[in-house]
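Student: Here is how the chains run, residue by residue.
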Amino acid sequence: MANYYDIDSILVEEEFVPVVFQKAINGVKIDESTEKGYVEQGSKTQLPFWLAHELHMRQAVSIGVPACFNQKTRLEIQADAACVDLRSRCPYFYEFGCKLAPLCDKSIGLLLAYAFRIRYKEVLHKAHTTAFAAASRFLMLLTKEETYMYEAAQSSMAAFKKWRMGGPRLQRASILGRKRKPAE
Amino acid sequence: MAGQSDSTMSLFSSEEIEFMAEDEMVEIVPNLRMDSLNFICGDYGPFYPQLAAQVPIWLALALKKRGKCTIRLPQWMSIENLTQVLEAERDSHAFQPLPFHYVEISRLLFDLAREDIPDMYMVRSLIEDIRDVRFHKVETNLEKFTASTVTWKNMSAMEVNVIRAFAGRALQAFYKHDNEQQTPDTDRTLDKQPQIPTDRPKRNLKPR
Amino acid sequence: MYARKGYELIKDLANGEKGQLQPFNEDLFNQVVDQCSQHYLELQALIRKMQEESVDVRETRNAEHYGALIHHLSLIRNKRCLMAYVHNRAEIIQSFAWKVGLELLELPEEVQEKLSLSEKNYFGKHSAALQTYMAEVGIDLNVDMVPPKDPYIKVRVLDDMGEGILLSDKTANLARHSMHFLKRTDAEQYIARGLMEELTG
Amino acid sequence: MATEESASVMDDYETLISTTDVELLKRAWRNEKAAPEILQFESSLVQRIKEQIELAEQNVEISEANNIDPLTVSLYQMDLDRTQFLLRSYLRVRLQKIEKYLFYVLKTDEYLNRLSKQEQMFARRCTDDLGSHLDETVLAKLPDNYQSILKQSITSEEDDMVPVPRLDTFVICKAKQYLSGLDFEPEYSMEITEMERDLLTFVCYKFIKKPLENGKIDLV
Numbered sequence: 001m002a003n004y005y006d007i008d009s010i011l012v013e014e015e016f017v018p019v020v021f022q023k024a025i026n027g028v029k030i031d032e033s034t035e036k037g038y039v040e041q042g043s044k045t046q047l048p049f050w051l052a053h054e055l056h057m058r059q060a061v062s063i064g065v066p067a068c069f070n071q072k073t074r075l076e077i078q079a080d081a082a083c084v085d086l087r088s089r090c091p092y093f094y095e096f097g098c099k100l101a102p103l104c105d106k107s108i109g110l111l112l113a114y115a116f117r118i119r120y121k122e123v124l125h126k127a128h129t130t131a132f133a134a135a136s137r138f139l140m141l142l143t144k145e146e147t148y149m150y151e152a153a154q155s156s157m158a159a160f161k162k163w164r165m166g167g168p169r170l171q172r173a174s175i176l177g178r179k180r181k182p183a184e
Numbered sequence: 001m002a003g004q005s006d007s008t009m010s011l012f013s014s015e016e017i018e019f020m021a022e023d024e025m026v027e028i029v030p031n032l033r034m035d036s037l038n039f040i041c042g043d044y045g046p047f048y049p050q051l052a053a054q055v056p057i058w059l060a061l062a063l064k065k066r067g068k069c070t071i072r073l074p075q076w077m078s079i080e081n082l083t084q085v086l087e088a089e090r091d092s093h094a095f096q097p098l099p100f101h102y103v104e105i106s107r108l109l110f111d112l113a114r115e116d117i118p119d120m121y122m123v124r125s126l127i128e129d130i131r132d133v134r135f136h137k138v139e140t141n142l143e144k145f146t147a148s149t150v151t152w153k154n155m156s157a158m159e160v161n162v163i164r165a166f167a168g169r170a171l172q173a174f175y176k177h178d179n180e181q182q183t184p185d186t187d188r189t190l191d192k193q194p195q196i197p198t199d200r201p202k203r204n205l206k207p208r
Numbered sequence: 001m002y003a004r005k006g007y008e009l010i011k012d013l014a015n016g017e018k019g020q021l022q023p024f025n026e027d028l029f030n031q032v033v034d035q036c037s038q039h040y041l042e043l044q045a046l047i048r049k050m051q052e053e054s055v056d057v058r059e060t061r062n063a064e065h066y067g068a069l070i071h072h073l074s075l076i077r078n079k080r081c082l083m084a085y086v087h088n089r090a091e092i093i094q095s096f097a098w099k100v101g102l103e104l105l106e107l108p109e110e111v112q113e114k115l116s117l118s119e120k121n122y123f124g125k126h127s128a129a130l131q132t133y134m135a136e137v138g139i140d141l142n143v144d145m146v147p148p149k150d151p152y153i154k155v156r157v158l159d160d161m162g163e164g165i166l167l168s169d170k171t172a173n174l175a176r177h178s179m180h181f182l183k184r185t186d187a188e189q190y191i192a193r194g195l196m197e198e199l200t201g
Numbered sequence: 001m002a003t004e005e006s007a008s009v010m011d012d013y014e015t016l017i018s019t020t021d022v023e024l025l026k027r028a029w030r031n032e033k034a035a036p037e038i039l040q041f042e043s044s045l046v047q048r049i050k051e052q053i054e055l056a057e058q059n060v061e062i063s064e065a066n067n068i069d070p071l072t073v074s075l076y077q078m079d080l081d082r083t084q085f086l087l088r089s090y091l092r093v094r095l096q097k098i099e100k101y102l103f104y105v106l107k108t109d110e111y112l113n114r115l116s117k118q119e120q121m122f123a124r125r126c127t128d129d130l131g132s133h134l135d136e137t138v139l140a141k142l143p144d145n146y147q148s149i150l151k152q153s154i155t156s157e158e159d160d161m162v163p164v165p166r167l168d169t170f171v172i173c174k175a176k177q178y179l180s181g182l183d184f185e186p187e188y189s190m191e192i193t194e195m196e197r198d199l200l201t202f203v204c205y206k207f208i209k210k211p212l213e214n215g216k217i218d219l220v
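Residue numbers (this note's numbering), protein chains in the order written: chain A, 1 to 184; chain B, 1 to 208; chain C, 1 to 201; chain D, 1 to 220.
Next comes chain A alone, as it looks inside the complex:
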């Protein structure tokens, strides 16, 4: 796995998906409520993607479309992709969609490409012009991937402006965190 230690790659796979068990399972409790250590074939539950994906590959479960890709969200995106709050639906909307599309619904791929193309222009415009504060409401809507892009633009612009202003070139190592108040 090329990104075994990558935090985002781990967190993406924690997203839950609806599954239907195609096989009976013994020795496992799928929900805390019951003491029953047995899962009947056909029972439904939500599993994290990292587990659902492996079980799906062995035909032990079938995977359904999670809420964040349901019809309602798709219509909202088609209506006005730029103002849909994707972060609350799924912070890893694009990465999760890419992993899911081949397993349960090819059309998700098209939805992602469409949504990204439109929202990309918003991020591009906001990141290179508006001051940080004004954009904060906008920031709440962004997924992780979009936020990284936004921050990349903001910090590059900030670094350029800082260089243009001059000022001390050697700084306190950022590793040390905020400067503690020197004892007056």
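Because the hints were derived from the structure by calculation, they are not lab data. Please note: incorrect hints may appear among the correct ones.
Unchecked claim - Calculated cross-link-like contacts (lysine-lysine; reagent style DSS-like; alpha-carbon spacing at most 25 Å):
id, chain 1, residue 1, chain 2, residue 2
1, C, Lys114, D, Lys100
2, C, Lys170, C, Lys183
3, C, Lys18, D, Lys33
4, B, Lys65, C, Lys183
5, C, Lys5, D, Lys151
6, D, Lys216, D, Lys206
7, A, Lys162, B, Lys65
8, D, Lys33, D, Lys151
9, A, Lys144, C, Lys11
10, A, Lys144, B, Lys144
Could you slot chains B, C and D onto chain A? The hints should help.
Tutor: Chains B, C and D in isolation, oriented as in the chain A frame:
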């Protein structure tokens, strides 16, 4: 560190871009006699009073700072040329040809060689207008991004560096979304499923 | 259930400020380790059950097999979370060796507190590996993080650093608020640790 | 009349002989910083640069000793500082890449052979240090069959724990001369077939790996 490039955001800090710009050549008029300088980066001089010479900008600025020379304004920084460039920038979508390090060179000269630039404020405002028009043009170019190789004619070092981190991620995303229909993003294919380790664990050396 | 604790450990890591260290989350870490052993016990129990029913453990795909598989998958998921937690922290500790100065004693107290014992050892070993490389190559890589301008820079001392500090070209009395014209390469490490600041203009 | 092709060959010859070691080091530094994988170590170039630095250091010391005019001394010092910064930054970037892909570098001969002798020793030592740290903190506490640092469990068919450099990263490059299809890997002929000289191009790194290794392309 301010000048040190933060590996996550952009590869080169502005200071590192400026460092590379300081090797560009510029013409100076020394006011002293000095033997030739045999630096690691090359030989310069000998220098004679009032006799123009070509040197890298970092050397020109060091001499200027110590009052040993005046710096001749590069031809492209003349008011006539800059006015033409500004007009052309406003009239077309394409970037006008300017030195690759024009942003850094102009700033270095404004900071350390003001007296050598006739009506410096005019030159500086022209450069700033040119830079704003070009930065805006960079943004409009970015809007037309698709998942393929992108080329920019006449874009300068600092302009590239400012959008490098953003454009890199954007292209990566376009490349992934437009291609992900063909190659699923899963790391492994069906046949390589991990088996459950069922046999008794053999005391073997931990593979390192 | 389903390596949820492992997920919490990674969330704990992800919530920290970029490049900053949080205290080592000892008890959550140990809970995840215990869960791994727990999954392994249940996995072995299911396999023994299959062996008792003299069923071919390798080939049969019965309810026990899938139960064992789920425990196996949860175990390697927890392992990934544990390894990512320690590895990502190790990368931050590696960057300490570059940015702050090589001996652990130069790491400020509030940073040392956040390290586990093994992490402190790791910082020491990594600094030593860097020092050995630099000694062999004969070049100090801990200086010149920023492109050079004038070899000398103006600095102001922030915290009292006492008398007779040995610098490459002189010894200096670095009392608080005093200002000096130091060689950049000398001042760089003290600025990095917040003991001095560069003055410009 | 020299054709377009032969004219650029002449240019290359002229630039080659006049390119100073500092220019070559700057190119190596830029390429190393911009490339997602570690590149071939420029051992002869680094050796020449180190010798020139030692010589320059002696000159500065001698002139400072019998106080030759301070202006000249400080100019030679600045030239020295600039070259030292380049060399230090070049070596530092390489070590940081080794740190990032420790296990992968050690187990891939292609990468191991790109390292200098000291870098290889550094890589081996860091792998042991990180290995024992991970072992002590995590692996030793896991059940048997799951204690490997390379494989998630003994049934993993490949080293599925080892991070790999992302060769599909986008980089910015400039061709030093016109590049035709022959200059690129045939495998990517669909993606890239030519590149104009000195035209800034934002492209997937793996497409231009070959011309970069042949010195026909510079990363910006």
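Student: It remains to establish, for every hint, whether it holds in the given structure.
Tutor: How the hints compare with the structure:
1. A C-alpha spacing of about 22 Å is found between Lys114 of chain C and Lys100 of chain D, which places the hinted pair at or below 25 Å, so the restraint holds.
2. A C-alpha spacing of about 10 Å is found between Lys170 of chain C and Lys183 of chain C, which places the hinted pair at or below 25 Å, so the restraint holds.
3. Pair hint Lys18 of chain C plus Lys33 of chain D holds up; C-alpha atoms about 21 Å apart against a cutoff of 25 Å.
4. Taking the CA atoms of Lys65 of chain B and Lys183 of chain C, the gap is near 18 Å; set against the 25 Å cutoff, the hint holds.
5. Distance restraint check for Lys5 of chain C and Lys151 of chain D: the Cα-Cα separation of roughly 22 Å lies within the 25 Å cut-off, and the hinted pair is therefore satisfied.
6. Taken as a hint, the Lys216 of chain D and Lys206 of chain D pair is honoured in the structure, with Cα atoms around 15 Å apart against an allowance of 25 Å.
7. Pair hint Lys162 of chain A plus Lys65 of chain B holds up; C-alpha atoms about 23 Å apart against a cutoff of 25 Å.
8. A hinted pair counts as satisfied when its Cα atoms are at most 25 Å apart, and Lys33 of chain D with Lys151 of chain D does not qualify at roughly 30 Å.
9. Simply put, Lys144 of chain A and Lys11 of chain C have alpha-carbon atoms about 14 Å apart, close enough for the 25 Å limit, and the pair holds.
10. For the suggested pair Lys144 of chain A and Lys144 of chain B, the alpha carbons sit about 23 Å apart, so the restraint of at most 25 Å is met.
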